[in-house]
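**Q** Place chain B on chain A using the hints.
Line order of the protein sequences matches chains A and B.
Start counting the first sequence at 127; every next residue gets the next number (my numbering).
Start counting the second sequence at 127; every next residue gets the next number (my numbering).
Errors might be hidden in some of the hints.
Repeated chains share a single entry, so a pair holds when one copy, or any two copies, can fit it.
Claimed, not checked - List of simulated lysine-lysine pairs, DSSO-like, C-alpha gap at most 30 Å:
hint	residue 1	residue 2
1	Lys274	Lys304
2	Lys315	Lys144
3	Lys535	Lys274
4	Lys144	Lys154
5	Lys360	Lys144
I should point out that these hints are in silico values taken from the structure, not numbers from a laboratory.
2 protein chains.
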Amino acid sequence: MQRTSHVILTSHVDQIFKAAPSLQWGAKSAEQRGPVIATFTNPNHRNAIGSHSGGYTVYRALSIASGNYPQDHRPDLTNTMPTDDLGPHPSWSEPDRIISIDPWGAHVFQHFGDMLKEGHNIQPTIAVTKAHLRIAEIDDAIDAGRLKIDNKVILPNRDVVVTKAALEPVWYLPGLAKRFGVEEGELRKILFQETGGMFPELVTRPDLKVLLPPIGSTTAYVFGDITDLSAPEKPLTCRVHDECNGSDVFGSDICTCRPYLIHGIEEAIRAAQDGGSGLIVYYRKEGRALGEVTKFLVYNARKRQEGGDSAATYFHRTECVAGVQDARFQELMPDVLHWFGVRHIDRLVSMSDMKYNAIVNSGISVGERISIPDELVPEDARVEIEAKKAAGYFTAGNVLHGNDLDTVKGRNLSE
Amino acid sequence: MQRTSHVILTSHVDQIFKAAPSLQWGAKSAEQRGPVIATFTNPNHRNAIGSHSGGYTVYRALSIASGNYPQDHRPDLTNTMPTDDLGPHPSWSEPDRIISIDPWGAHVFQHFGDMLKEGHNIQPTIAVTKAHLRIAEIDDAIDAGRLKIDNKVILPNRDVVVTKAALEPVWYLPGLAKRFGVEEGELRKILFQETGGMFPELVTRPDLKVLLPPIGSTTAYVFGDITDLSAPEKPLTCRVHDECNGSDVFGSDICTCRPYLIHGIEEAIRAAQDGGSGLIVYYRKEGRALGEVTKFLVYNARKRQEGGDSAATYFHRTECVAGVQDARFQELMPDVLHWFGVRHIDRLVSMSDMKYNAIVNSGISVGERISIPDELVPEDARVEIEAKKAAGYFTAGNVLHGNDLDTVKGRNLSE
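Okay, chain A solo, but in the shape it has when bound (with noise of 0.2 Å):
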């Protein structure tokens, strides 16, 4: 391939192409809009930095240096357009509702033809299909009888069904800089050099205004009809939930993270079981977004601190080992919710005052809020969700402050 055979550092001014499709962020049709173009096939139609699949671009880009990969390969998007009519939603061209992803993004086939056929290699960064779950502890929630199999939500062999979306992060980068009240020129020159120097055309090339970071993407699980999801007279039970493997998957005890998850989709079903719908979003941002190795070492602080793991230190020692307590973002969690075009959650799942706040700030409205169940607290996990409730999120019960929260304590590492 030609494009290998010599290095490119960076494309200066003077190599913009003008074959590149313009993108005017917000407007109102699709085509208006332009294609967001981040492949490589042909570099000249580039109107995008960084690149499809978040951090799968590097095996991809080992893939084709192994020689598995045609580095010149067109997907066949034949059969692949999204499973459900979803929008356009008036949010999708609102100014500033959405900047972290691409709201025509499920749909370039049907809104880019044209220019498909005319040779640009255009990709989805949303796709939406169905899909039937089965999670032991609904099943046990239906044997307890607070889940019913109704033939619709729940078939009679216990099979979930929901629609899912898969959303890659599309970031609108003028946007991005106003939602975290920074200069556009100083995002981008922090984003370069605090990230080890990945883009340098996020410095050299400020006439492209959209980013593909390598972060994983988000899925959202719909329970119930996805038209319902932006209907006011259809309530709405929504949680938004971000990753933990440890518990997710695994289960461990030291926090809340996969009995509330569940208990949000037990809530979610029971929603579209009651002529409502459900929704949950999952965000890539394992262990508040400074992932496993810190979180780790954070469990080793706490638990070997003097006294032992405690509420009253819960925060403190994450701060101590990770430089803030928490890295991530609640600003840009709901541009998914505003894609379904939701504008009101009736019970909202989740204690997180930071997530109740960029939600309502964003202009959706919220009627109830759901606490975590106390029996599904593990006993481990105390000393987080005290923690979290003491430093303001919502709780319907109490809340321990000063020296009752040195007395909830945790087990330690020998046990």
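**A** Just chain B, lined up with the frame of chain A:
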């Protein structure tokens, strides 16, 4: 901070900093090898490309941009050291044996304490901690009498006791090139270009041999004593599992991922209870390292194709959309096993011929291979499992070929 006042696009050879500790990959001791420094506190100390925490470095950068994260933070590593003694194993300094993680990455406090005191910001790339797991399906296995409460691996309250490690990718580029059979310069060029320009230093700094790429970390769960993993007289049961969020967390029935993972955990617990040990390694390679958007597009293409979803066309449909049947590399996978000093696996809970070959080719012998029990394969996952068996996956049972593969059909999207 000085380093954000102007932009350094890339550091050229004349900017090589003498203050950076040298790295001798594969050296006999940690001190001879030298610490990997990928932090930004003092850029003159950096001896690696990229940065810590994989893709979460992007969140860290955003956190700095928004003013939440103190750019000059140094982690307080007090009490964060591994909970268990581990290594050094001979594999840690055998040539080319470990090239995708830093074997000394868990012990920076122990080996580089003096340099830490002198002001080098050296961060662990591996963390080892203890945990208790509660898994609904393991509860069922106890109820069914397949697992017993032994008050050691399974406690009376049904907690499963594990030691777990999180391991960040730390790639030694000459070793990586050798393992994939490409020239190092070519590998660097493709990694830079096919990721959309991550890390110009890949091509401008051939003297920097180590890369911390923005991909997910790996997690290892050890059942029994961690030192038994390297003891040939202790029978080892092992599963190497590639992430599948849709099944691992949400129980989607289109594949066997969670059922097989849980079966692996059950087998690993049983091995530990029977005087051996168990090891589950969880790799972040969602959707065969193609990402979830591609995965869902493929699901739609499979289920909408003429004749419906079928084992006969399973791999072909993936290749049409994704360009490859599989973008994973099992070539790097055994490094974690070698870090634990594994030399023989008595029972490998995997049917993948690619995983088996990678393990055996890396110098670890394998006794028995354990298929997923037939009763654990969800109905809709028969398409995948029969296609894989026909393509060379290990099975103790029958393999279908030709027209027989056509008869294995999946559900339609409307069901």
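**Q** Next, verify each hint and record whether it holds.
**A** Hints and how they fare:
Proximity of Lys274 to Lys304 under the C-alpha cut-off of 30 Å is found in neither arrangement, the shortest distances being 46 Å within a copy and 57 Å between copies. Proximity of Lys315 and Lys144 under a CA criterion of 30 Å is satisfied in both settings, with 25 Å inside one chain copy and 26 Å between copies. In this assembly of identical chains, the alpha carbons of Lys535 and Lys274 lie at most 30 Å apart only when taken from different copies (29 Å versus 38 Å within one copy). For a Cα distance limit of 30 Å, the shortest separation of Lys144 from Lys154 inside one copy, 23 Å, qualifies, whereas the shortest one across copies, 55 Å, does not.
Neither within a single protomer nor between protomers do Lys360 and Lys144 lie at most 30 Å apart by alpha-carbon distance, with minima of 47 Å and 65 Å respectively.
Going down the numbered hints, you'll see the structure goes against 1, 5, while the others check out.
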